[in-house]
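Fit chain B to the given chain A structure using the hints.
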Amino acid sequence: MQITKEMKMADAIHSNYLLLPVINRLEIQLGFQDKSIEKVCVEQNVDVEFFLTIINAFLGSDNKLSKQLQSHSVKEVVSYLLKTHSYYLERIIPEIENRINLLIQYSQLSKEEFLLVKNFFEEYEKELYAHIALEEEHVYPYILEIADSYHKKSLSQALENKINIYPITSYEKEHSDIEAKLFDLKNILIKYLPAPKDSHIRNRVLTELYTLEQDLSDHARIENMVLVPKITEMEAALLALKK
Amino acid sequence: MIVIAISSFIVRKGLADIIKELYPGKKIMSIGFIEELNFIQEKNNISLLLASAEILSNIDLYLLKDIQLIKLINSRPDYIETDNINSELLFLDDTESAILHILKRNLALMDKNSSGSKPESVLSDRELDIVREVALGNTNKEIADKLFISAHTVITHRKNITRKLGIKTVSGLTVYALLNKLIKMSDSL
Numbered sequence: 001m002q003i004t005k006e007m008k009m010a011d012a013i014h015s016n017y018l019l020l021p022v023i024n025r026l027e028i029q030l031g032f033q034d035k036s037i038e039k040v041c042v043e044q045n046v047d048v049e050f051f052l053t054i055i056n057a058f059l060g061s062d063n064k065l066s067k068q069l070q071s072h073s074v075k076e077v078v079s080y081l082l083k084t085h086s087y088y089l090e091r092i093i094p095e096i097e098n099r100i101n102l103l104i105q106y107s108q109l110s111k112e113e114f115l116l117v118k119n120f121f122e123e124y125e126k127e128l129y130a131h132i133a134l135e136e137e138h139v140y141p142y143i144l145e146i147a148d149s150y151h152k153k154s155l156s157q158a159l160e161n162k163i164n165i166y167p168i169t170s171y172e173k174e175h176s177d178i179e180a181k182l183f184d185l186k187n188i189l190i191k192y193l194p195a196p197k198d199s200h201i202r203n204r205v206l207t208e209l210y211t212l213e214q215d216l217s218d219h220a221r222i223e224n225m226v227l228v229p230k231i232t233e234m235e236a237a238l239l240a241l242k243k
Numbered sequence: 001m002i003v004i005a006i007s008s009f010i011v012r013k014g015l016a017d018i019i020k021e022l023y024p025g026k027k028i029m030s031i032g033f034i035e036e037l038n039f040i041q042e043k044n045n046i047s048l049l050l051a052s053a054e055i056l057s058n059i060d061l062y063l064l065k066d067i068q069l070i071k072l073i074n075s076r077p078d079y080i081e082t083d084n085i086n087s088e089l090l091f092l093d094d095t096e097s098a099i100l101h102i103l104k105r106n107l108a109l110m111d112k113n114s115s116g117s118k119p120e121s122v123l124s125d126r127e128l129d130i131v132r133e134v135a136l137g138n139t140n141k142e143i144a145d146k147l148f149i150s151a152h153t154v155i156t157h158r159k160n161i162t163r164k165l166g167i168k169t170v171s172g173l174t175v176y177a178l179l180n181k182l183i184k185m186s187d188s189l
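Protein chains in written order, with this note's numbering: chain A, 1 to 243; chain B, 1 to 189.
One chain only, chain A, in its complex shape (with noise of 0.2 Å):
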């Protein structure tokens, strides 16, 4: 289903409960009433396209994603993905945690097998981690360097030296250990952990494991189809310039 303007903000939420923490990236608070997408982002002050353009991207019916989001700027896809990021580490990475600690007390778990999920999901953390220290480090910066250059229209040296040595596509490695252990993970708790005393808490880390994978492949579709062939181009145009 595409998300459009005129909709109620409500029953876009209504429509897939998993964009909750999306809207509250993209300043969006709850208590909205019954007013329209449009209206909540005015009153907002929410560029309503880019809304629109993240939301259906999250619910990922659309292929033309990359078109649509070529008319925003790099700066606010990027400070968009730098909200995802804090929301992983502040948020979901801590309630998996907790939520894994309290296996020990609920599952007929022995203290060794409950020591290798927990050993296993903090190396994980530590991948994740580690992840996106270097887009924070290096890759976002590298982006907003390219982006603002771009509209300069000027390119210095050591900008082209990066280009020629770094391009954004030898960033573009995979997300894929970090998907890999998460998947790992799910099936480690579904099919090889000892049935639990109790299903509710292993269902609910679980759950969150879910949550965060999908969240974690949007936001890997939007920097691979959206920011990579975005950047590729600006980087293109500014060696451009020197010929």
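Simulated from the structure, these hints should not be mistaken for lab results.
Since the structure is predicted, the reported quantities are computational estimates derived from the model, not experimental observations.
Be aware that a few hints might be false.
List time: in silico DSBU-like cross-link candidates among lysine-lysine, alpha-carbon distance up to 30 Å [what the hints assert, rightly or not]: (1) B/Lys159 - B/Lys184; (2) A/Lys191 - B/Lys184; (3) A/Lys111 - B/Lys13; (4) B/Lys104 - B/Lys13.
Derived list of chain A stretches under chain B, where covered just means 3 residues or more per stretch with a C-beta under 8 Å from a C-beta of chain B [stated by the list, open to error]: (5) 107-120; (6) 181-192.
Over the 10 Å line for every Cβ pair with chain B, so calculated as not near, a few chain A residues [unchecked claim]: (7) Ala10; (8) Ser15; (9) Leu18; (10) Asn24; (11) Phe32; (12) Glu43.
Backbone N, C-alpha and C define an ideal beta-carbon position, used for all residues, glycine too.
Chain B alone, transformed into the frame defined by chain A:
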């Protein structure tokens, strides 16, 4: 799915038609080259494989361990060499009734297996060996040397293990191995 793998077109086509008659509705795939078999094996569940000795000689038989197999032999020899794989032999120059008998029996058996208790995901002994070695931190090359198989075979085993278990990473396999007591906690350190 039933797979018929033999280079002779006439035999392929003939077998496919006979099986279609005996067992209508089942998906049949005919192939002439080993490469095609590799391809199919990754993508689909093969419930019954009919393959010529020539094609089989190019496959690591261990990979076919869990697949119901009929080995196609051109003519009945005086002496039959047995192999340790659980395969049935079908001699292409046999009488009509003998051939139909073997096919019918295997199709019935295939039905029993597919509805039966043996889940596809159970690892073979060899795959368990591989999981253990991976969990102990060995590389594909090291595992190959230790188990006297090629690195290529190790990789194929690992693909199958990932498919069966739904576990892709080395650390995931380690957790699996520990939970299933394939290795001890002290080994993994």
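Comparing the hints with the structure gives:
A C-alpha spacing of about 24 Å is found between B/Lys159 and B/Lys184, which places the hinted pair at or below 30 Å, so the restraint holds. A threshold of 30 Å between alpha carbons decides the hint, and for A/Lys191 with B/Lys184 the separation of about 20 Å falls inside it, so the pair holds. Distance check on the hinted pair: A/Lys111 and B/Lys13 sit about 59 Å apart at the alpha-carbon level, beyond 30 Å; violated. Taking the CA atoms of B/Lys104 and B/Lys13, the gap is near 17 Å; set against the 30 Å cutoff, the hint holds.
For the region 107-120 of chain A, the proposed coverage by chain B is satisfied: 5 residues have a C-beta within less than 8 Å of a C-beta in that chain, meeting the threshold of three. Taking a C-beta to C-beta cut-off of 8 Å, the region 181-192 of chain A contributes 8 residues in contact with chain B, enough for the three needed, and the coverage statement holds. Remark: the non-interface label on A/Ala10 is consistent with the geometry, its nearest Cβ contact in chain B lying 37 Å away (cut-off 10 Å). Non-interface status of A/Ser15 relative to chain B is upheld: no Cβ of that chain comes within 10 Å, the nearest being about 30 Å off.
For A/Leu18, the non-interface assignment is confirmed: its Cβ lies about 23 Å from the closest Cβ of chain B, beyond the 10 Å cut-off. The claim that A/Asn24 is not at the interface with chain B holds, since no C-beta of that chain comes within 10 Å of its own (minimum 31 Å). Listed as a non-interface residue, A/Phe32 keeps its Cβ farther than 10 Å from every Cβ of chain B; the least gap is roughly 41 Å. Against chain B, the non-interface label of A/Glu43 holds: every CB pair exceeds 10 Å, the least being about 46 Å.
Against the hints set out earlier in the document, a violation occurs for number 3 only.
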